[in-house]
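2 protein chains.
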Amino acid sequence: MKTIDGGVCAAKGFSASGIHCGIRKNKTKRDLSLIYSETQCSAAAVYTTNLVKGAPIEVTRENISDGFARAIICNSGNANTCNADGRTVAEKTCCILAEELGISPKDVVVASTGVIGQPLDIEPISDGIPSLVAELSKDGCDSAAEGIMTTDTKKKEIALEFEIGGRICRIGGIAKGSGMIHPNMATMLVFITTDTAISPDMLRKALSGDIKKTFNMLSIDGDTSTNDMVVVLANGMAGNREITEENDDYKAFAQALNAVNVSLCRMIAADGEGATKLLECSVSGAETESVAKQVAKSVICSSLLKAAMFGADANWGRVLCAIGYSGAQLDVNTIGVSFKSHAGVIEVCRNGTGVDFSEELAKKILLENEIEILVDLGCGQYSASAWGCDLTYDYVKINGDYRT
Amino acid sequence: MKTIDGGVCAAKGFSASGIHCGIRKNKTKRDLSLIYSETQCSAAAVYTTNLVKGAPIEVTRENISDGFARAIICNSGNANTCNADGRTVAEKTCCILAEELGISPKDVVVASTGVIGQPLDIEPISDGIPSLVAELSKDGCDSAAEGIMTTDTKKKEIALEFEIGGRICRIGGIAKGSGMIHPNMATMLVFITTDTAISPDMLRKALSGDIKKTFNMLSIDGDTSTNDMVVVLANGMAGNREITEENDDYKAFAQALNAVNVSLCRMIAADGEGATKLLECSVSGAETESVAKQVAKSVICSSLLKAAMFGADANWGRVLCAIGYSGAQLDVNTIGVSFKSHAGVIEVCRNGTGVDFSEELAKKILLENEIEILVDLGCGQYSASAWGCDLTYDYVKINGDYRT
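Chains as they are written, first to last, in this note's numbering: chain B, 5 to 408; chain X, 5 to 408.
Hints in this document: simulated from the structure, not taken from any laboratory.
Possibly wrong hints are sitting among the right ones.
To be verified - Listed next, the in silico BS3-like pairs over lysine-lysine satisfying Cα-Cα at most 25 Å (straight line):
| hint | chain 1 | residue 1 | chain 2 | residue 2 |
| --- | --- | --- | --- | --- |
| 1 | B | Lys401 | X | Lys217 |
| 2 | X | Lys33 | X | Lys142 |
| 3 | B | Lys401 | X | Lys344 |
| 4 | X | Lys401 | B | Lys401 |
| 5 | B | Lys217 | B | Lys344 |
| 6 | B | Lys31 | B | Lys159 |
| 7 | X | Lys255 | B | Lys29 |
| 8 | B | Lys217 | B | Lys31 |
| 9 | B | Lys368 | X | Lys401 |
| 10 | X | Lys401 | X | Lys159 |
| 11 | X | Lys255 | X | Lys217 |
| 12 | B | Lys344 | X | Lys401 |
| 13 | B | Lys401 | X | Lys368 |
| 14 | X | Lys142 | X | Lys159 |
| 15 | B | Lys401 | B | Lys31 |
| 16 | B | Lys367 | X | Lys401 |
| 17 | B | Lys96 | B | Lys29 |
| 18 | X | Lys16 | X | Lys110 |
| 19 | B | Lys96 | B | Lys110 |
| 20 | X | Lys29 | B | Lys367 |
| 21 | B | Lys209 | B | Lys255 |
| 22 | B | Lys367 | B | Lys344 |
To be verified - Listing some non-contacts, in silico: residues in chain X with all C-beta distances to chain B over 12 Å:
| hint | residue |
| --- | --- |
| 23 | Met5 |
| 24 | Asn30 |
| 25 | Lys110 |
| 26 | Gly132 |
| 27 | Ser135 |
| 28 | Ile215 |
| 29 | Arg245 |
The beta carbon of each residue, even a glycine, is placed where N, CA and C say it ideally should be.
Take the sequences, apply the hints, and build the full model.
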């Protein structure tokens, strides 16, 4: 498995584009993106569990209920959520795009991200679709990745090459997500393409299994969005024998999918709203996988710990506190905690009690921009990781006046 | 029922004191408080559900397991949590105080608040106890309220007078709590005294029933502390017939207890770390009380909404979003939302969809320092309230470097 260029265009037969169509006021920001496959794809998706759902979620769910799709269209600047005519706008978007591409409207995945509760005009979208389609290209991934950004400060894309039965396969993805990120069974927006041949059933299985270890272990601010969506399109153009059961080929694919998802998780966490640091909590020594996950996620979600990490303060008591209220059943007297970064590693707690440590070294470690919080529960062999970011002045600034 | 002066000293037979004994470095800050009753009291308490518990919690739980107590001692500046000798220090504190007061160590409630995981020396406490006892007085409530403060900016005290069977009874309380506040079955530190005659069983029942509607509906930052504790002492000196069943006298007492607890909740929320505004979410029209509570608490906990309130931004989409991920089963198409303050009230969402409103008036309403978020679920007759505060630069500042 190796990293390659091209993002969602790395897989054979996929092209992409991104333009400014006028939904966002700032004309230098792209606000409409398209990903397109030359041939029909197996399609799988997971969605937000928030009861308040964006209209595009309903429409996409129906469109890919047959397990197939060919195009993904996504706008930023407006979530098309809590609007009386939201569904109509999402359906029209699919129809106009489908006509321009010469495909069925039922093969279009539609997504929106941005402010909730402001009507979304169809005009800029319908006016923009002809040039969006005209600009489709193998080099279009950067533009597409830009077109789905809201408060993100960095494009998020990745692509990998791997082998199935002697055939080279490719898989790549783009993501957006910076605030309102606390995925639960689904997540912000992630679009993944692959040329692996895989049946819709196996694709769904691979995606829903992996999500639990990746995007569901990510939290920026504890707020589960209304528009979360992860979609994978697989067009089979790599020419491998189609994966239709959980064999070695399936495992190879699942491993590549996991590598893409972990990369995108880390990129999203590092670019969390206002973040200066990527935080990763690695829990080991748990009695069950579920305990490991509960603990990792609880630590990564603690506002107090997030603020301490911003201040490079080795306040390990807050790690213990977050473990204690995680809801997991565990023995607090066997817990060990260390902080780790490129600058080194330092043990701060053993058997649930503080150990003497150098505040100077701790500070040096915590001043780095990628911090690993190592928690050893000391009573089993299961482990899990969760990703998040620090809580900063800029998070408050960005969210104190986002809408107006 | 009317408000009176005196806090925890308002009830007959109670006195209090607070001194600087040397746990905190700043000599102008009191760090040790005492509340004492002339006679034996019925005692009831609820504690944090965090698995990581402060040593004082264990000791207090054992001491009042018989339903009785006479004194409460509490230090600030150190939580005495995750320390190898924590239990010994808490027990010694009880013994030294009991000897000085001439009571049994088993009648002492001990509590600590402050940083987790730093050893607590017994010396400043044992050295301080003689003057702490010497300074006990009917005017000591202010000093006691100060001695339990950490990052609090304001003392929190309240007292009420009410009638049971023709007898005047008094109830009063003090509280501390500013960060790490997301009570679950218990809360930060709250000490309540009353001269009502009530059996330990009935006192426990009244307290544990009321907590669910008051302190468990309060959240500053989503972090459940390791040292939460609410204690009520009732010495019976009002001379009412002892309450031993759920009769009208019980109801009168429960009502007074609720009024004290709601007052303290509002004071704690308004003085949340870094807060500039008290937020109250009042949910009505719910199908069950549990739905009303889940929704109210989810709204009050949303970091995004808290930041929007700091920015006086009427971003009601974030209210809908938080309702949607609350976990409560409900119909999102009947939800109505309004914002209310001393400056007026404004409807922003009806039937799950935005309504036109004056941004100018909304801004004026949200610039006040007490904001009510009114949510009508439109499908039942149950209601609930939750309290919290806005998320500000100062929350990050306070918690970015609290320990060092």
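- Holds or violated: are the alpha carbons of Lys217/B and Lys344/B at most 25 Å from each other? holds, 21 Å
- Query: Between Lys401/B and Lys344/X, does the CA-CA distance stay at or below 25 Å?
  - Reply: holds, 23 Å
- Message: Please verify whether Lys31/B and Lys159/B have alpha carbons no more than 25 Å apart.
- Response: Satisfied, since the Cα-Cα distance of roughly 18 Å is no more than 25 Å.
- Message: Next pair to validate is Lys217/B with Lys31/B; report whether the Cα-Cα distance is within 25 Å.
- Response: Not OK: Lys217/B and Lys31/B at ~38 Å, beyond 25 Å, violated.
- No chain B beta carbon within 12 Å of Asn30/X's: The claim stands: Asn30/X keeps its Cβ more than 12 Å from every Cβ of chain B (closest is about 19 Å).
- Assess, step by step, whether the Cα of Lys401/B is no farther than 25 Å from the Cα of Lys368/X, and give holds or violated. holds, 20 Å
- Message: Next pair to validate is Lys401/B with Lys217/X; report whether the Cα-Cα distance is within 25 Å.
- Response: violated, 33 Å
- Message: Checking one constraint from the list: CA of Lys367/B to CA of Lys344/B, max 25 Å. Satisfied?
- Response: Holds. Lys367/B to Lys344/B sits at ~11 Å (cutoff 25 Å).
- Message: For a C-alpha distance cap of 25 Å, please report whether Lys401/X and Lys401/B respect it.
- Response: holds, 13 Å
- Task: Measure nothing beyond the straight line between the CA atoms of Lys367/B and Lys401/X; if it is 25 Å or shorter, mark the hint as holding.
- Result: holds, 17 Å
- Restraint check for Lys96/B with Lys29/B, where alpha carbons must lie at most 25 Å apart: holds, 22 Å
- Message: Check whether the Cα positions of Lys255/X and Lys217/X lie no farther apart than 25 Å.
- Response: Distance ~15 Å between Lys255/X and Lys217/X Cα, so the pair holds.
Checked against the numbered hints above, the structure breaks hints 1, 7, 8 and satisfies the rest.
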